[in-house]
Amino acid sequence: MTATTHTTLLSEAGHAVERHWRELAGRRRLYTIGGLLFLMLAMGGSLWFANESNAGKFFDRLPYFFDFVGQLVPRDGWEIWRALFDLPSPYDDGSLKYNYPAGRIYLTETLYLPEYFYKMLETINIALVATLIGFGCGFVLCFLAASNITTRRWLRFFVRRFMEILRAFPEIVIAGFFLAVLTIGAVPAIIAVSIHTIGALGKMFFEVVENADMKAEEGLRAAGANWVERVWFSIVPQVMPNFLSYALLRLEINVRASTIIGAVGGGGIGEALRLSISRTHEAKTLAIILLLFCTIVAVDQLSAWLRARIVGKQAFEFGRGA
Amino acid sequence: MTEAEETALIARHTAVFERPLLERIRAGLIFAGVSLYLVFAWWLFGIGQVLSDGRWDIAGAYLADWVSYEVRPDVDFQGEALEVSFPRFSPLGENPDPDWLVTQKAMVESRAETQADVAGAAGGSTSDAGFLGALSAEPAPAPAGDAGFLGSLSGSAASSSSTGTAEPAATAPARSEAVVAADISFGGDTSVSIVPGLVTVTHAGETLLLDIVEDKSVTARGDLPEWASQRAPGAKVIARFGFAGRAEIEDDEVKLRRRFLGWENFVFDTRSPFWGLPASQVIGLIVWGERIQPERSNFALAFENVWNNADWQHGDVWTKLLQTIVMAFAGTVLASMLAFPLAFAAARNITPNRFVNQLMKRFFDFLRSVDMLIWALFFTRAFGPGPLAGISAIFFTDTGTFGKLYGEALENIDDKQREGVRSVGAAPASVQRFGVVPQVLPVFLSQSLYFWESNTRSATIIGAVGAGGIGLKLWEAMRTNQDWENVAYMVILILIVVFVFDAISSALRHRLIGMR
Chain A
1 MTATTHTTLL SEAGHAVERH WRELAGRRRL YTIGGLLFLM LAMGGSLWFA
51 NESNAGKFFD RLPYFFDFVG QLVPRDGWEI WRALFDLPSP YDDGSLKYNY
101 PAGRIYLTET LYLPEYFYKM LETINIALVA TLIGFGCGFV LCFLAASNIT
151 TRRWLRFFVR RFMEILRAFP EIVIAGFFLA VLTIGAVPAI IAVSIHTIGA
201 LGKMFFEVVE NADMKAEEGL RAAGANWVER VWFSIVPQVM PNFLSYALLR
251 LEINVRASTI IGAVGGGGIG EALRLSISRT HEAKTLAIIL LLFCTIVAVD
301 QLSAWLRARI VGKQAFEFGR GA
Chain B
1 MTEAEETALI ARHTAVFERP LLERIRAGLI FAGVSLYLVF AWWLFGIGQV
51 LSDGRWDIAG AYLADWVSYE VRPDVDFQGE ALEVSFPRFS PLGENPDPDW
101 LVTQKAMVES RAETQADVAG AAGGSTSDAG FLGALSAEPA PAPAGDAGFL
151 GSLSGSAASS SSTGTAEPAA TAPARSEAVV AADISFGGDT SVSIVPGLVT
201 VTHAGETLLL DIVEDKSVTA RGDLPEWASQ RAPGAKVIAR FGFAGRAEIE
251 DDEVKLRRRF LGWENFVFDT RSPFWGLPAS QVIGLIVWGE RIQPERSNFA
301 LAFENVWNNA DWQHGDVWTK LLQTIVMAFA GTVLASMLAF PLAFAAARNI
351 TPNRFVNQLM KRFFDFLRSV DMLIWALFFT RAFGPGPLAG ISAIFFTDTG
401 TFGKLYGEAL ENIDDKQREG VRSVGAAPAS VQRFGVVPQV LPVFLSQSLY
451 FWESNTRSAT IIGAVGAGGI GLKLWEAMRT NQDWENVAYM VILILIVVFV
501 FDAISSALRH RLIGMR
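Protein chains in written order, with full-length UniProt numbering: chain A, 1 to 322; chain B, 1 to 516.
Because the hints were derived from the structure by calculation, they are not lab data. Just so it is clear, CB atoms sit at the ideal spot from N, CA and C, and this is done for glycine as well.
Computed, partial: chain A to chain B, Cβ under 8 Å: (1) A42; (2) A50; (3) S53; (4) F65; (5) A180; (6) L182; (7) V187; (8) R256; (9) T259; (10) G270; (11) I289; (12) L292; (13) I296.
List time: in silico SDA-like cross-link candidates among lysine to any residue, alpha-carbon distance up to 25 Å: (14) K215/A to V16/B; (15) K361/B to D300/A; (16) K57/A to P385/B; (17) K361/B to L291/A; (18) K361/B to I296/A; (19) K216/B to S229/B; (20) K57/A to G315/B; (21) K57/A to R381/B; (22) K361/B to L290/A; (23) K255/B to S90/B; (24) K57/A to G384/B; (25) K255/B to W227/B; (26) K97/A to L290/A; (27) K361/B to V297/A; (28) K361/B to F293/A; (29) K216/B to E253/B; (30) K105/B to Q78/B; (31) K361/B to T295/A; (32) K361/B to R348/B; (33) K215/A to H13/B; (34) K97/A to A382/B; (35) K361/B to C294/A.
In isolation and in its complexed conformation, chain A is listed as follows (with noise of 0.2 Å):
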């Protein structure tokens, strides 16, 4: 098909059209190579950089990066168990290696709990504690951020921008400050995650909400009912599945943000996966990448069972606003 096909066959205004339409896809083609260019050429860039600001540079350490996984081979299959359930090693020669048993937390003289049991415990309770944390101030800042329920511009703007401060603020700083006036351990971890929790939180909060039917509220609003009265009884009864379902995506998030946190001082069990690494304690990483695994499978199960109990089988934006 020629241009002169296309003047035999179409009217003037056919012709028109038809111009404008290759015009139009000759653009949008300009665009998208326009664009691919641009990203290779950012990613060519960016690959550069990074492996010139690396450490080790990617093709010298790639003949030796299997090394590395060699090395997390244990002695045998069965350390792997022993070190998740602290039994004692064959190999036991007093080193930190082999020294299960040591780290065992006695709950009765006999009955105890396997370290890293208990550290993964300390971990799902910083995530629980400081989503119940967030659940309860983005609960309370969501309804001042939301245009349909506050009406002073300023108040929004202002809960608005402090939830964003809260979300973007580095976890670490807000880890590292805490770890500085308080002492190395969970206290520091919870406050961080918490902190940005509340914003995360609230910024989806203050979205179910803006979605919200308003008629019940003009129900109220005509009774006489006042500002807490209308949120409390016709707000918050439509949003809390929604609510309580983006609190559970966020407590899978939390898990994994407790774990690493944990592994910058804050406890748990990111902080015994950091030091196990580092000290090439094979048997006792894999029991903890296995247990950490484990969890996180069983808490996102979970997690997705109790959602689809609560709001059914909506489609849930994964991970948004992690």
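Add chain B to chain A, keeping to what the hints say.
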């Protein structure tokens, strides 16, 4: 409303007025459960204990460090004289002479020389005689307040503790000019004035006089005001002036901490030739000034000085920030590129092979559930600290995430377009290209953009465990507990980056999928 009407109403709406017991008390039960759990957590983590053991006084100082800096002169008592010294890396440069620290100079015998002279003079006669001779000629240059104590001290002998008043009546006077009084203003009505043997502190309308017996004791005249504290009689006195700073009065020196709002030497550090010059002069020098160093232009010199500023390390911070951005960007793009084809294999309506579907889905779950932290620690060991480890960690985690998300998006597509393309006899690849991709591409891109923005934040955190970038730098700055202003600087940069990327990503997303 009559009673009958009310009863009728209640009878008609039993679902509202007579709810089951469980439903009525459910909210209360949940609330009680949560409260109980929080009490348990309080006990488990010992939160009360940790909070009460916290060093909250230090917290104030750390927070103040975010936006201010301290200058820390020390005033040493050296007998008749004072010696004002600044730490080696003072924010005021090599030879500080701030206008809030006023010194008075006078002719004083320097102590070391005097003692040498005394020893020399005593060589011929007995040391007692020499000492008594010195004592008799005593009271010349000492301030009035000191006379008594000097007398008593020399009376109790011990020539080693001589405060320089072994008056050289018989020996040659070795006089030199030295500081004899220092007045330090802390702004407002707060000031500290120091003369040998006496420190006067004025703050909040109260004046505190402290007598110093050198190397022995610090004694307050009268009671200590609220803002001053002393652990034990004779020990050092700490006077706190709130934000303005503090003074520690010890028996041999006065340590002053004067706090100023702002970030010191943010542009040029004290070694730079541009340091301390007003902005107009710096611009003048750069634009048409003489070359300070003949081998390069003033602009190159100024840039080099800013970039390598010793206190703020602008160059290093910006490079590390770029590393973090690159980590998030490259990791997200690579993950999107790998997840794109894999998601087609995972989607049950595109690849009608249950085994492959399940395999891909479990693979994605595995990548996602092995946490980003584990990947980061793992690759830090493999590649050494740096952005490569961060890129790999984000790449692995997000391949799983994107695979899951893309797969779900693919399973929810409208099948009509595919059928249409297939019905005209298109090849399988063309069916996907024209029947599927146009439907899902905006969704894919918007999800990738969303994660690009959130990965910028994650990259900061995994940086701190060794994956490089600004996270590690932040962590190092926080570990020292001294560079909180650098932490503030980096936090502001991170916040700006996150907000800018958030804006870019949501603008692009809105263009791709329309306003929600």
